[in-house]
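From first to last, the protein sequence lines are chains A and B.
As numbered in the working numbering, the first sequence has no gaps in its residue numbers, which increase by one up to the final residue, 435.
As numbered in the working numbering, the second sequence has no gaps in its residue numbers, which increase by one up to the final residue, 632.
Treat each hint with caution, since some may be false.
So, partial list: chain B residues that the calculated Cβ filter (under 8 Å) puts toward chain A [stated by the list, open to error]:
| # | residue |
| --- | --- |
| 1 | LEU355 |
| 2 | LEU356 |
| 3 | ALA405 |
| 4 | ALA441 |
| 5 | GLN444 |
Here are the computed distance ranges between Cβ atoms for each label pair [as the list claims (entries may be wrong)]:
| # | chain 1 | residue 1 | chain 2 | residue 2 | range |
| --- | --- | --- | --- | --- | --- |
| 6 | B | THR472 | A | PHE271 | 28 to 38 Å |
| 7 | A | PRO170 | B | ALA452 | 51 to 61 Å |
| 8 | B | PRO226 | A | VAL280 | 45 to 55 Å |
| 9 | B | GLN584 | A | PRO170 | 42 to 52 Å |
| 10 | A | LEU275 | B | ASP329 | 49 to 59 Å |
| 11 | A | PRO272 | B | ASP329 | 15 to 25 Å |
| 12 | A | ILE284 | B | SER505 | 19 to 29 Å |
| 13 | B | ALA452 | A | ILE206 | 34 to 44 Å |
Since the hints were made in silico from the structure, they are not lab data.
Quick reminder that beta carbons are idealized off the backbone N, C-alpha and C, glycines included.
Spelled out, the chains give:
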Amino acid sequence: MMKSAAATAQAVADAPVKGRSLWAIAWGRLRRDKVAMASLIFIILLTLAAIFAPLITKWMGVDPTSQDLNVLGDIGFPKGPWGGVSWKHILGVEPQLGRDIFARLLYGARISLGISLSATVISVVLGVLFGITAGFFGGWIDAVISRFLDVMLAFPVLLFAIAVLVIISNIPHAPNYFRIVLLILIIGVFSFAYPARIIRGQTISLREREFVEASTSLGAGTSRILFSELLPNLAAPILVYATLIIPVNIIFEATLSFLGVGVQPPTPSWGGMLADASTVFQADPFYLVVPAVALFVTVLAFNLLGDGVRDAFDPKSTR
Amino acid sequence: MTKTRGLRALVSVGVATGVIAAGLFGAGVATASTRPAGMTFNGAVTGVENPSAKTGGTLKLAAIGDCDSWDPARTYYGYCWVLQRIFTRSLLAYPSKPGVAGAVPVPDLATGLPKYTNGGKTVTITLKKGQKYSTGAVITAGDIKYAIERTYSDQITGGPVSYLTCLLDTCDKNGLAQYQGPYKQPSNQPKLGGKPSIVVSGNTLTFHLASPFSDFNNLLAMSVTAPVPAKNDTGATYTNHVVSSGPFEFKSYNATTGVVWVRNPFWSQAGDPVVHPHATEIDLNYNSDATATDNAILSSQVDYSVDGGQQTPALLTALGNPSIKARSDNPVTIFTRYVAVMQKVAPLNNIHCRKAIFYAINKYALRVIRGGSYGGQLAGTMMNPSVPGSNANYNPYPDGAGSQGNLVAAKAELAACGQPNGFYVNVAYVPTGRGLKIYEALQSALARVGIHTGSKQGVAATFYSTFIGSPANILKQKLGLAVVGWGADFPSAYGFYQSIANGNAILPAGNSNYVSLNDPKINKLLDSFEATSSASTQAKMASQIDHQVMADAVYLPFQFDKTFYIHTSRLTNLYLQAALGSYYDTVNAGVQ
Numbered sequence: 117m118m119k120s121a122a123a124t125a126q127a128v129a130d131a132p133v134k135g136r137s138l139w140a141i142a143w144g145r146l147r148r149d150k151v152a153m154a155s156l157i158f159i160i161l162l163t164l165a166a167i168f169a170p171l172i173t174k175w176m177g178v179d180p181t182s183q184d185l186n187v188l189g190d191i192g193f194p195k196g197p198w199g200g201v202s203w204k205h206i207l208g209v210e211p212q213l214g215r216d217i218f219a220r221l222l223y224g225a226r227i228s229l230g231i232s233l234s235a236t237v238i239s240v241v242l243g244v245l246f247g248i249t250a251g252f253f254g255g256w257i258d259a260v261i262s263r264f265l266d267v268m269l270a271f272p273v274l275l276f277a278i279a280v281l282v283i284i285s286n287i288p289h290a291p292n293y294f295r296i297v298l299l300i301l302i303i304g305v306f307s308f309a310y311p312a313r314i315i316r317g318q319t320i321s322l323r324e325r326e327f328v329e330a331s332t333s334l335g336a337g338t339s340r341i342l343f344s345e346l347l348p349n350l351a352a353p354i355l356v357y358a359t360l361i362i363p364v365n366i367i368f369e370a371t372l373s374f375l376g377v378g379v380q381p382p383t384p385s386w387g388g389m390l391a392d393a394s395t396v397f398q399a400d401p402f403y404l405v406v407p408a409v410a411l412f413v414t415v416l417a418f419n420l421l422g423d424g425v426r427d428a429f430d431p432k433s434t435r
Numbered sequence: 041m042t043k044t045r046g047l048r049a050l051v052s053v054g055v056a057t058g059v060i061a062a063g064l065f066g067a068g069v070a071t072a073s074t075r076p077a078g079m080t081f082n083g084a085v086t087g088v089e090n091p092s093a094k095t096g097g098t099l100k101l102a103a104i105g106d107c108d109s110w111d112p113a114r115t116y117y118g119y120c121w122v123l124q125r126i127f128t129r130s131l132l133a134y135p136s137k138p139g140v141a142g143a144v145p146v147p148d149l150a151t152g153l154p155k156y157t158n159g160g161k162t163v164t165i166t167l168k169k170g171q172k173y174s175t176g177a178v179i180t181a182g183d184i185k186y187a188i189e190r191t192y193s194d195q196i197t198g199g200p201v202s203y204l205t206c207l208l209d210t211c212d213k214n215g216l217a218q219y220q221g222p223y224k225q226p227s228n229q230p231k232l233g234g235k236p237s238i239v240v241s242g243n244t245l246t247f248h249l250a251s252p253f254s255d256f257n258n259l260l261a262m263s264v265t266a267p268v269p270a271k272n273d274t275g276a277t278y279t280n281h282v283v284s285s286g287p288f289e290f291k292s293y294n295a296t297t298g299v300v301w302v303r304n305p306f307w308s309q310a311g312d313p314v315v316h317p318h319a320t321e322i323d324l325n326y327n328s329d330a331t332a333t334d335n336a337i338l339s340s341q342v343d344y345s346v347d348g349g350q351q352t353p354a355l356l357t358a359l360g361n362p363s364i365k366a367r368s369d370n371p372v373t374i375f376t377r378y379v380a381v382m383q384k385v386a387p388l389n390n391i392h393c394r395k396a397i398f399y400a401i402n403k404y405a406l407r408v409i410r411g412g413s414y415g416g417q418l419a420g421t422m423m424n425p426s427v428p429g430s431n432a433n434y435n436p437y438p439d440g441a442g443s444q445g446n447l448v449a450a451k452a453e454l455a456a457c458g459q460p461n462g463f464y465v466n467v468a469y470v471p472t473g474r475g476l477k478i479y480e481a482l483q484s485a486l487a488r489v490g491i492h493t494g495s496k497q498g499v500a501a502t503f504y505s506t507f508i509g510s511p512a513n514i515l516k517q518k519l520g521l522a523v524v525g526w527g528a529d530f531p532s533a534y535g536f537y538q539s540i541a542n543g544n545a546i547l548p549a550g551n552s553n554y555v556s557l558n559d560p561k562i563n564k565l566l567d568s569f570e571a572t573s574s575a576s577t578q579a580k581m582a583s584q585i586d587h588q589v590m591a592d593a594v595y596l597p598f599q600f601d602k603t604f605y606i607h608t609s610r611l612t613n614l615y616l617q618a619a620l621g622s623y624y625d626t627v628n629a630g631v632q
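Construct the entire structure; sequences and hints are all you get.
This is the structure:
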């Protein structure tokens with residue numbers, strides 16, 4: 117008895133202490149945050165559902181374009197309560213067209229997530245490029261870039277986006293994917309100013325640190341300093357703000373689709389479904405509730421995850 | 041402590057949600073009112089609602105947008121012809137009566153019906169004395185001659201002028217008249233065989249026709265023949281200040297916001313046997329938001345829409361609320377709704393590819409979008425039941441179970457045209473109101489057999505004039521299909537088919553023969569139709585024309601339109617003018 121206790125104590129004293137990296141520490145903290153984990157799981161499930169939308173809908177026997185008119189009454193409103201919910205149509209059918217809402221929601225998720233995630237990538241890449249450059253070099257480079265960012269932040273983005281997309285509509289042969297690429301570019305370009313400023317601030321505070329001085333005295337060139345020294349240390353704030361920009365971009369895309377200048381029907385989109393449902397709200401309220409709840413929960417999940425990630429990297433940061 | 045706070049918070053949230061929900065859902069109930077006296081569902085279809093001799097008041101009306109033109113010779117929208125009765129009169133007019141009684145022209149500016157002599161080629165008619173314009177000038181027979189002469193000018197386009205063109209002037213083999221109109225040739229006039237075809241003597245007009253035209257009375261009832269004072273005519277811009285010959289005149293006109301009409305002080309009831317105006321002012325406001333107009337009518341802020349009925353959500357409200365249903369009407373109109381299948385655009389140049397579309401279409405789905413059984417009567421043939429000689433039961437392309445399409449036959453036709461896996465075709469449409477949903481439904485139906493559609497959106501202002509109304513544009517943009525509606529210009533097979541099916545009616549712009557149909561069999565039947573005076577022969581010819589048009593597989597009908605109108609309960613003397621498309625005859629309407 118005494119021998120094993122002593123042996124255990126000795127074993128504990130002899131074992132080397134393993135250091136943990138910033139990422140491991142942050143992940144540990146994130147895992148303990150139940151709300152953030154729940155949001156993360158929801159987002160992963162939603163993304164998988166969006167990616168595998170064709171398989172899922174085929175397995176369920178529905179698709180986003182076929183019309184099931186037998187479920188509609190004579191003047192086009194779903195016969196059952198709750199907008200025509202049944203075992204086949206688990207979220208009901210659209211009034212007048214009779215298309216399955218669940219299938220359209222999944223395919224709409226592809227558009228919402230696909231466009232906003234792509235736009236976020238552009239936004240983050242541009243934000244990092246401009247932010248690091250402005251923060252590291254300072255001087256007139258910083259002055260020019262900062263004024264440019266001020267202009268971008270002051271721009272009436274929604275009006276500009278609507279104007280550009282309406283012009284695109286009038287081009288006779290513009291295909292749908294051209295429109296999607298343009299949407300991604302517009303959303304991405306008009307939201308990079310915010311992370312750029314954050315990154316610039318972080319870079320300014322980092323460039324005075326000793327490890328940068330050490331690198332310079334060792335003869336490291338500018339690009340090595342930027343990419344090998346500063347960037348890894350900026351990864352944390354970049355990740356945090358990327359996660360927080362995503363819901364902003366989702367809402368932006370949904371707004372454009374709601375106004376009719378986003379992806380064009382019959383391509384399903386959550387904003388388009390909201391616009392359509394709002395005209396028949398009094399006759400079929402469930403049709404409005406479904407995309408509204410989907411949008412709300414998705415944006416909430418990204419926001420909660422973003423908060424959780426920020427707390428995980430720096431629990432002292434104030435809300 | 042925490043529990044009580046939490047409970048109180050929960051209760052207040054619950055109450056707030058309840059209040060908000062009640063407010064949202066209560067808005068729909070607020071429109072319920074006491075049953076309007078004297079009004080019943082479909083009351084304006086078969087009779088006159090709330091007949092009353094009371095005058096005064098302002099009608100508040102709505103439309104989606106402006107008429108194609110207010111110039112009486114340049115308008116082709118059905119509802120605009122009814123609105124023309126507000127401020128123009130012609131020699132003859134359709135009586136202010138509902139149903140078939142309102143479909144035969146009676147004297148308006150004329151002293152009596154015209155006299156036909158010389159085998160129907162000479163028409164004599166006399167103008168009433170002392171009728172005046174809103175300017176105070178007297179209406180003369182010369183003004184009517186002038187009104188017809190100006191239709192020969194290339195500035196006066198867009199109206200149903202082609203009926204008169206070669207009837208009153210010498211045309212070449214391409215259907216082009218020699219007379220160029222009074223602007224280019226002020227000392228000339230329409231001539232047949234070198235002799236003037238319109239002769240004015242005092243108040244009497246004599247028309248010499250190139251050939252007998254048994255529907256000539258209907259032509260004299262069109263606003264095309266309404267008098268225009270030459271000194272006020274400004275050609276293409278006359279639409280901005282039309283001089284009135286009717287009971288109302290323009291007080292203000294703005295192409296984006298609307299029109300205000302007030303009484304024409306120089307019009308007198310004693311000289312007008314056709315219309316009986318009651319209101320003193322008519323306000324027509326344009327609102328492109330059809331849902332907003334529907335809600336305004338439900339809450340009685342707007343009396344009715346002049347250009348069509350209400351949309352499905354309003355229809356649903358009316359069906360569920362007896363007092364609103366009592367102030368609604370659901371007439372079958374003169375319009376057939378169909379898909380124009382452009383035979384000049386590949387692969388639709390092959391008749392079997394066209395027939396594949398005829399079998400694959402889902403007529404039931406399209407009708408659901410337009411209001412189901414309240415929106416239309418499913419159709420198998422083009423000719424509308426309002427046309428004498430029509431057979432609404434004829435259907436050479438059986439629709440399949442539930443009228444949702446015959447996919448087996450469609451696939452067989454695809455194989456026959458060499459496209460067994462389907463093909464790609466563009467659809468032209470205007471994405472406002474139901475247009476987008478109709479496109480999506482059409483797309484969904486055709487996709488079932490592999491026919492994929494591309495979206496070609498047009499705008500309402502130019503859709504019929506230069507988008508699908510230009511054969512060159514159809515080829516350039518490869519517009520394969522268009523969903524359109526058509527009503528006879530006057531109740532006869534010639535009035536229904538001439539502009540859309542005769543090869544000689546193809547125009548470079550403002551064309552109604554969208555598919556460029558040029559079938560010699562049809563051309564011959566139509567060209568000889570008006571020379572036939574026997575009604576039974578005409579009925580047989582009507583049937584032959586209809587069958588041949590359907591055999592050519594260029595026009596795919598899916599319903600005969602019904603419109604669902606809701607109107608306010610304060611209206612008097614309200615009825616639907618059936619001959620002109622079942623719109624409310626605004627000129628007669630009054631308010632309590």
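Hints, one by one, checked against the model:
The beta carbon of B/LEU355 is positioned within 8 Å of a beta carbon in chain A (closest approach about 6 Å), and the interface hint is therefore held. With 8 Å as the threshold, the beta carbon of B/LEU356 comes within range of chain A, its nearest partner Cβ sitting at about 5 Å, so the hint holds. Among the interface hints, the one on B/ALA405 holds; its C-beta lies about 5 Å from the nearest C-beta in chain A, closer than the 8 Å criterion. At about 11 Å, the closest approach between the beta carbon of B/ALA441 and any beta carbon in chain A exceeds 8 Å, and the interface hint on this residue is violated.
Interface hint status for B/GLN444: upheld, as the beta-carbon distance to the closest one in chain A is roughly 7 Å, under 8 Å. For the pair B/THR472 and A/PHE271, the beta carbons lie near 30 Å from each other, so the given range of 28 to 38 Å is met. For A/PRO170 and B/ALA452, the hinted distance range of 51 to 61 Å is not satisfied, since their beta carbons lie about 30 Å from each other. For the hinted restraint 45 to 55 Å between B/PRO226 and A/VAL280, the CB-CB distance of approximately 51 Å keeps it satisfied.
The hinted range of 42 to 52 Å is satisfied by B/GLN584 and A/PRO170, whose Cβ atoms lie roughly 51 Å apart. Between A/LEU275 and B/ASP329, the C-beta spacing of about 20 Å breaks the proposed range 49 to 59 Å. At roughly 24 Å, the beta-carbon separation of A/PRO272 and B/ASP329 lies within the given 15 to 25 Å, and the hint holds. Distance hint check for A/ILE284 and B/SER505: the Cβ-Cβ separation is about 24 Å, which falls inside the suggested range of 19 to 29 Å.
For the pair B/ALA452 and A/ILE206, the supplied restraint of 34 to 44 Å holds, since their beta-carbon distance comes to about 36 Å.
Going down the numbered hints, you'll see the structure goes against 4, 7, 10, while the others check out.
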